[in-house]
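Student: Read top to bottom, the protein sequences are chains A and B.
Read in our numbering, the first sequence has 169 at position 120, and its numbers run on one by one without any break.
Read in our numbering, the second sequence has 302 at position 248, and its numbers run on one by one without any break.
No wet-lab data here; the hints were simulated from the structure.
Mixed in with the good hints there might be a few duds.
[Unchecked claim] Label-pair restraints from in silico Cβ distances:
hint	chain 1	residue 1	chain 2	residue 2	range
1	B	E527	A	I130	28 to 38 angstroms
2	B	D414	A	L186	44 to 54 angstroms
3	A	I89	B	A155	33 to 43 angstroms
4	A	Y52	B	Y592	34 to 44 angstroms
5	B	R70	A	L186	50 to 60 angstroms
6	B	K73	A	L186	47 to 57 angstroms
[As the list claims (entries may be wrong)] Only some residues are given here: those of chain A computed to face chain B with a beta carbon under 7 angstroms:
hint	residue
7	V71
8	M79
9	L146
10	S183
11	T185
12	M201
Nothing here was measured: the structure is a model prediction, and the numbers come from that model.
Each residue gets a CB set at the ideal place from its N, CA and C atoms; glycine is no exception.
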Amino acid sequence: MDYLGVILAVVGAALAVTLASVGSAKGVGMVGEASAPVVIDDPSKFSKLLILQLLPGTQGLYGLVVTVMVMLNIGLLGGNIPVLTFRTGLLYLFACLPVAIGGMTSAILQARVAVSGVTIVAKKYSDSTKAIISATLVEFYALLCFIASLLMVMNIGAIADAAAAA
Amino acid sequence: MAIVPMKHIEIVAMQRDAKKVVELLQREGVVDLTEPEKEPDPDSGLTMIPSSASLAQLEKNLDMVRSSISAIEEYAHVKTSMLAGLSGRKELSLDEFAAKAEEVEKYLKVAYRIDGLVRIIDTETPAIMHVNHQLDHVLPWKDLDIPMMYEGSSRVACLIGSIQGAHTEATLSKALLAAYETSTPVSGDGDDSMPSFPDYEFEIISASKELTCLCVFCHRNDRATVEETLRKIGFTVPSDPTRHPPAHRIARLRKRIADAERAVAEAKKEVAAHQPDLTGLQFLSDYLLMRHDKYEVLGRLFFSSKTVVMEGFLPAEATGHLVSKLEKKYTVAIELRDPAEGEVVPGVFKNNILVSPVEDIVQSYSPPTSADIDPNPVMSFFYYLFFGIMLSDAGYGLVLVLATLFVIVKLKPEGATRMNMFKFMYCGLSATVWGLLFGSFFGNVVNAVGTAFFNSDVSLDALWFNPVEKPMEMLILSLLLGFIHLMAGLVLKFINMWKHGDKFGAIFDVGSWWVVFAGLGMLMINMAIPTGIPFEKYGPWVAIAGAVMLLLTQGRSSPSIPGKIMGGLGSLYGISGYFSDTLSYSRLMALGLVTGIVGQVFNTIGTVLGTGIIRILIFIPVFLFGHAVNLGISALGAYVHTNRLQYVEFFSKFYEGGGKAFSPFSVQTKHFKFKEEK
Numbered sequence: 050m051d052y053l054g055v056i057l058a059v060v061g062a063a064l065a066v067t068l069a070s071v072g073s074a075k076g077v078g079m080v081g082e083a084s085a086p087v088v089i090d091d092p093s094k095f096s097k098l099l100i101l102q103l104l105p106g107t108q109g110l111y112g113l114v115v116t117v118m119v120m121l122n123i124g125l126l127g128g129n130i131p132v133l134t135f136r137t138g139l140l141y142l143f144a145c146l147p148v149a150i151g152g153m154t155s156a157i158l159q160a161r162v163a164v165s166g167v168t169i170v171a172k173k174y175s176d177s178t179k180a181i182i183s184a185t186l187v188e189f190y191a192l193l194c195f196i197a198s199l200l201m202v203m204n205i206g207a208i209a210d211a212a213a214a215a
Numbered sequence: 055m056a057i058v059p060m061k062h063i064e065i066v067a068m069q070r071d072a073k074k075v076v077e078l079l080q081r082e083g084v085v086d087l088t089e090p091e092k093e094p095d096p097d098s099g100l101t102m103i104p105s106s107a108s109l110a111q112l113e114k115n116l117d118m119v120r121s122s123i124s125a126i127e128e129y130a131h132v133k134t135s136m137l138a139g140l141s142g143r144k145e146l147s148l149d150e151f152a153a154k155a156e157e158v159e160k161y162l163k164v165a166y167r168i169d170g171l172v173r174i175i176d177t178e179t180p181a182i183m184h185v186n187h188q189l190d191h192v193l194p195w196k197d198l199d200i201p202m203m204y205e206g207s208s209r210v211a212c213l214i215g216s217i218q219g220a221h222t223e224a225t226l227s228k229a230l231l232a233a234y235e236t237s238t239p240v241s242g243d244g245d246d247s248m249p250s251f252p253d254y255e256f257e258i259i260s261a262s263k264e265l266t267c268l269c270v271f272c273h274r275n276d277r278a279t280v281e282e283t284l285r286k287i288g289f290t291v292p293s294d295p296t297r298h299p300p301a302h303r304i305a306r307l308r309k310r311i312a313d314a315e316r317a318v319a320e321a322k323k324e325v326a327a328h329q330p331d332l333t334g335l336q337f338l339s340d341y342l343l344m345r346h347d348k349y350e351v352l353g354r355l356f357f358s359s360k361t362v363v364m365e366g367f368l369p370a371e372a373t374g375h376l377v378s379k380l381e382k383k384y385t386v387a388i389e390l391r392d393p394a395e396g397e398v399v400p401g402v403f404k405n406n407i408l409v410s411p412v413e414d415i416v417q418s419y420s421p422p423t424s425a426d427i428d429p430n431p432v433m434s435f436f437y438y439l440f441f442g443i444m445l446s447d448a449g450y451g452l453v454l455v456l457a458t459l460f461v462i463v464k465l466k467p468e469g470a471t472r473m474n475m476f477k478f479m480y481c482g483l484s485a486t487v488w489g490l491l492f493g494s495f496f497g498n499v500v501n502a503v504g505t506a507f508f509n510s511d512v513s514l515d516a517l518w519f520n521p522v523e524k525p526m527e528m529l530i531l532s533l534l535l536g537f538i539h540l541m542a543g544l545v546l547k548f549i550n551m552w553k554h555g556d557k558f559g560a561i562f563d564v565g566s567w568w569v570v571f572a573g574l575g576m577l578m579i580n581m582a583i584p585t586g587i588p589f590e591k592y593g594p595w596v597a598i599a600g601a602v603m604l605l606l607t608q609g610r611s612s613p614s615i616p617g618k619i620m621g622g623l624g625s626l627y628g629i630s631g632y633f634s635d636t637l638s639y640s641r642l643m644a645l646g647l648v649t650g651i652v653g654q655v656f657n658t659i660g661t662v663l664g665t666g667i668i669r670i671l672i673f674i675p676v677f678l679f680g681h682a683v684n685l686g687i688s689a690l691g692a693y694v695h696t697n698r699l700q701y702v703e704f705f706s707k708f709y710e711g712g713g714k715a716f717s718p719f720s721v722q723t724k725h726f727k728f729k730e731e732k
């Protein structure tokens with residue numbers, strides 16, 4: 050049972066990068082499928098389409114950053130398995146959820162906007178910047194989740210220390 | 055540093071000079087010719103001279119020349135580097151231009167020749183496939199030494215055909231007999247009246263998994279029985295039997311393939327041999343393109359019996375030069391005037407080289423109208439600033455600066471490409487500065503390498519603070535910069551309204567908000583810097599004063615009293631807009647952290663495996679690949695999010711746009727540019 054705390058924290062860290070990456074992979078895939086026919090017709094549009102395709106890819110990175118921050122904070126990167134209380138572990142697990150769930154769903158929803166944007170790039174190339182901007186509007190909510198997760202993870206360590214001292 | 059004032063120009067020239075005048079306008083490239091909305095009034099005596107026939111011919115030639123250029127590049131294996139698209143056009147003096155223009159006919163002939171060769175390649179290549187297909191059909195019969203059409207002698211019938219699947223003589227005889235027995239009814243009385251299967255002889259010509267080709271002999275009288283039984287086991291006669299022994303046709307088809315292949319190879323060789331003509335053809339394509347554009351313009355001009363009329367807009371500063379040039383050379387009447395109220399005037403910015411690289415960003419949002427203020431000088435500062443914070447790595451910044459410098463100096467790009475290079479160079483400089491302030495150089499590579507290889511804990515310390523360690527500070531910095539950005543937008547709005555005479559609006563629409571923010575600021579100032587002055591006591595009253603100003607003035611455009619009240623209340627709701635706009639700048643922190651931490655992750659992966667020399671061998675590729683990926687993704691993120699902050703948060707405060715982009719009639723060549731006589 051000594052390891053229950055650290056197990057919970059690692060579950061959280063794993064969820065953060067996994068769910069966010071699942072969303073990103075699905076999203077990047079969707080936009081890629083939609084852009085391929087446009088590239089066949091006009092390969093010069095590839096660069097704009099690539100930007101659209103990569104947009105839903107960032108959520109996976111946000112997930113990875115939170116995962117790394119959890120690992121750094123609990124000392125898992127040192128090579129030893131640290132000991133955490135059950136409470137601290139659970140705190141880490143919940144702190145990871147915003148970026149995991151928000152990242153996954155926002156990547157897929159963002160990809161849907163980007164897929165529509167592919168049509169703009171195909172039919173009205175001069176307005177393709179607008180397609181990119183409207184896809185970034187969705188990204189903001191992934192960013193909010195990421196910031197929330199990050200701030201929680203960064204501060205749990207301090208809380209746990211204070212609790213231990215008390 | 056502003057939106058360039060435009061003039062409307064109307065030029066009336068003699069009809070005989072029409073082409074020359076249009077050419078001059080094209081080379082000067084400063085006039086955005088207005089496209090007529092409708093055909094001229096027939097009573098006015100003006101007509102349009104259609105140029106569609108010449109245009110169609112020019113388009114055809116242009117296509118031909120372009121396809122011959124790509125054919126030469128393909129068959130002569132001309133290597134085009136990936137950077138070629140960035141480099142500028144070669145410059146030609148007027149004399150060189152004239153010399154090359156002499157040779158246009160010659161190169162047009164070359165293009166015709168190459169076009170013919172390409173056509174040979176295009177028709178013969180599928181023909182080879184087709185003949186190969188025919189060959190596949192006849193090849194299984196190659197050992198048959200009689201014609202496939204042979205039907206036998208007066209006594210003997212010969213049946214030539216094939217059966218699906220692989221067969222041997224034994225399996226075939228068995229199958230034949232079985233098929234014969236099941237199909238022939240056994241008579242009721244059980245005697246052996248059933249005729250036995252006639253005698254036959256056969257030879258298997260070839261047998262493969264798919265097909266067995268055979269030749270069956272029998273007595274002419276038994277032919278019907280044998281053929282019917284053969285059909286039952288799937289025997290078919292060839293659809294295209296040979297008149298001579300198959301070897302004959304095989305030889306003929308092989309010769310046809312060899313001939314076609316030789317023709318294609320020769321055509322390709324000849325196309326490749328035209329490689330020295332590439333420059334001439336490139337010039338020709340530019341030349342035809344210029345003529346094409348010229349005829350397009352000529353086709354939409356209004357002609358009277360003796361004169362031609364053209365009108366358009368041009369920057370006021372360019373008028374003197376153009377007018378003097380036109381008047382010196384041709385008999386023209388020129389009328390210049392300021393744009394009329396309500397006229398759609400193309401909008402173009404003019405700024406110094408620090409600012410102009412971001413003009414494209416504004417143009418692609420929406421071209422300005424005369425009612426707008428030039429957002430570029432203010433925007434460019436924040437653009438580079440925000441890009442830098444989001445990339446925030448000195449290493450990546452340096453890579454960007456060096457790469458763009460290389461392109462600018464070596465490849466001499468032009469137009470939009472050149473501006474983009476400058477833009478990313480400034481962005482890279484900004485990222486370098488922020489990277490040093492935040493202590494990030496290829497992530498934490500100094501520390502990682504020091505620990506892994508030199509056993510020292512050397513590290514590049516942040517000149518200011520490390521956002522990974524102090525994310526709250528980073529968040530506050532981001533929001534603060536964002537708020538300043540928004541306020542800069544309001545300042546521009548204030549200036550613009552004031553300049554356009556709406557001083558009342560400037561004070562109340564913008565000033566009121568400043569009063570509100572000043573009040574809110576007073577509430578918070580002592581939390582950040584204890585001043586000792588009890589600002590928080592007065593803060594609420596200042597904020598309320600601002601709110602009252604808004605309440606009283608923001609409904610003023612509404613005609614009714616309830617409308618005025620609702621307008622005032624509605625504007626107060628705008629405070630939530632400012633709140634969410636400010637929060638939106640938290641992306642500065644988030645993207646900056648992502649760059650830094652992903653960089654660190656790659657450094658960690660690169661330094662944990664192996665020891666000594668092996669560790670170095672693992673580290674180098676991981677470092678190069680990892681940071682290339684991170685730089686790519688982070689720069690892309692920084693770029694799109696910087697744009698978004700300008701478009702959504704900043705422009706919404708003051709910039710209207712909705713104008714028409716300035717696209718002057720000019721020389722739009724791809725390979726060469728022309729030095730203009732002074």
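Student: State for each hint whether it applies.
Tutor: Right, here's what the structure says about each hint:
The hinted range of 28 to 38 angstroms is satisfied by E527 (chain B) and I130 (chain A), whose Cβ atoms lie roughly 32 angstroms apart. In this structure the supplied range 44 to 54 angstroms is violated for D414 (chain B) paired with L186 (chain A), their Cβ-Cβ distance being about 21 angstroms. For I89 (chain A) paired with A155 (chain B), a C-beta distance near 38 angstroms keeps the hint of 33 to 43 angstroms intact. Restraint check, Y52 (chain A) to Y592 (chain B): a C-beta distance of roughly 57 angstroms breaks the suggested window 34 to 44 angstroms.
Take R70 (chain B) and L186 (chain A): their Cβ atoms lie about 58 angstroms apart, and the range 50 to 60 angstroms holds. Checked against the hint of 47 to 57 angstroms, the pair K73 (chain B) and L186 (chain A) passes, with Cβ atoms roughly 51 angstroms apart. Interface hint status for V71 (chain A): violated, as the beta-carbon distance to the closest one in chain B is roughly 18 angstroms, over 7 angstroms. A hinted interface residue such as M79 (chain A) counts as satisfied when its beta carbon comes closer than 7 angstroms to some beta carbon of chain B; here the least separation is about 18 angstroms, so the hint is violated.
Interface restraint check: L146 (chain A) against chain B, minimum CB-CB distance 17 angstroms, threshold 7 angstroms, status violated. Taking 7 angstroms as the C-beta contact cut-off toward chain B, the hint placing S183 (chain A) at the interface is violated, the least distance being around 9 angstroms. Hint status for T185 (chain A) relative to chain B: holds, with the closest Cβ pair at about 5 angstroms, below 7 angstroms. Because the closest C-beta pair between M201 (chain A) and chain B is about 11 angstroms apart, greater than 7 angstroms, the hint is violated.
Checked against the numbered hints above, the structure breaks hints 2, 4, 7, 8, 9, 10, 12 and satisfies the rest.
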